[in-house]
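**Q** Sequence:
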Amino acid sequence: MGDWVNMAEVWRGDILESVHRGRAVVCDSRGEVIAAWGDIDAVTYPRSSCKMLQALPLMESGAAARFALTPEQLALACASHEGAHMHTDRVVKWLGDLELGERDLRCGPQFPRAKEEQEELIRFGQKHDRTHNNCSGKHSGFLTLNKHLGGDAEYVELDHPVQQAILTAFEEMTGETSPGFGIDGCSAPNHACTLRGLATAMARMADPSALGEIRGQAAQDLVSAMKAHPELVAGQGRACTELMDSMDGRTVVKTGAEGVFIAILPERGLGVALKVQDGATRAAETAIAALLVRLGVADPNHPAVIKRLCPKQYNFAGLETGRIAPASALYADGAAI
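First residue of the sequence shown: 346, per our numbering; consecutive thereafter.
Derived by calculation from the structure, the hints in this document are not laboratory data.
Treat each hint with caution, since some may be false.
[Said to hold, decoys possible] List time: in silico DSBU-like cross-link candidates among lysine-lysine, alpha-carbon distance up to 35 Å: (1) 492 / 460; (2) 657 / 572; (3) 492 / 438; (4) 657 / 438; (5) 472 / 438; (6) 472 / 460.
Input sequences plus hints: build the corresponding full structure.
**A** This is the structure we're talking about:
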């Protein structure tokens, strides 16, 4: 179907003003393509959409069991959270249980996205720190694995045992040899793969029956934790949290920077991966909502789905000016996949 296809349209009044193009694919756990749009074998960075793959060694190594990690902590290990107290308080306690602290995190300080916490820091003249970083839960998982392995403090280095274990799991789950890596916003390596490989990995998280006992249980536990604690995966008002809530824990979704989104559908044993060409979050959210509806796991009439599927656009005076809608090439009027 070509390199990129239309995925989301921006309308102002009755005139099409902008178009976002992208690629998307639905795969099963064998890597068979169920549906595809655009060049799904082009290489991309999964960014934060693959955090559950990065958490697999935490589970498989025995580190999670050794340190008695809870489902809440597993959800945080897969999270891109907003730095609210529900997130940072848990990270601080987790680090304390490891006899570590904020200084041991290698993700940079990040001003929280949560408005209440922003205002609190300003009001009390406090400075944001590494626990506010949206990846601090993932890095707490890295530190847990590192303590179990006995590695040195620089756990984000490519040749560190933590990152080598992650690379192995990533390549085995995608079924590909990664062609390279980039440094993510949180300073950890982010390994590239094809969109087909990413969707295949998510399908294997959805249907872990062929992964073996240890990895299969690890995948199941991570998916279950994300389904049980969507508020820890993102936060109040965020797409991942609201979409998972709207689907009553039937499906896991996870965003990544630069217009990436994945979905894990345990009931159907399918994985979804998409990438918007210009990196626009608004388009990625519309596209994933469209695919979730077509796959029969999201209700197009649910407010949280409507909010992404066809959000209305308003100006600063509160006047409705237009809407964003999925392109017909992707949505096909909601026809079932």
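**Q** All hints, please: hold or fail.
**A** Status of each hint after checking the structure:
1. 492 / 460: holds, 34 Å
2. 657 / 572: It holds: about 28 Å lies between the C-alpha atoms, which stays within 35 Å.
3. 492 / 438: holds, 16 Å
4. 657 / 438: Status violated; Cα separation ~40 Å.
5. 472 / 438: holds, 19 Å
6. 472 / 460: holds, 15 Å
Checked against the numbered hints above, the structure violates only hint 4.
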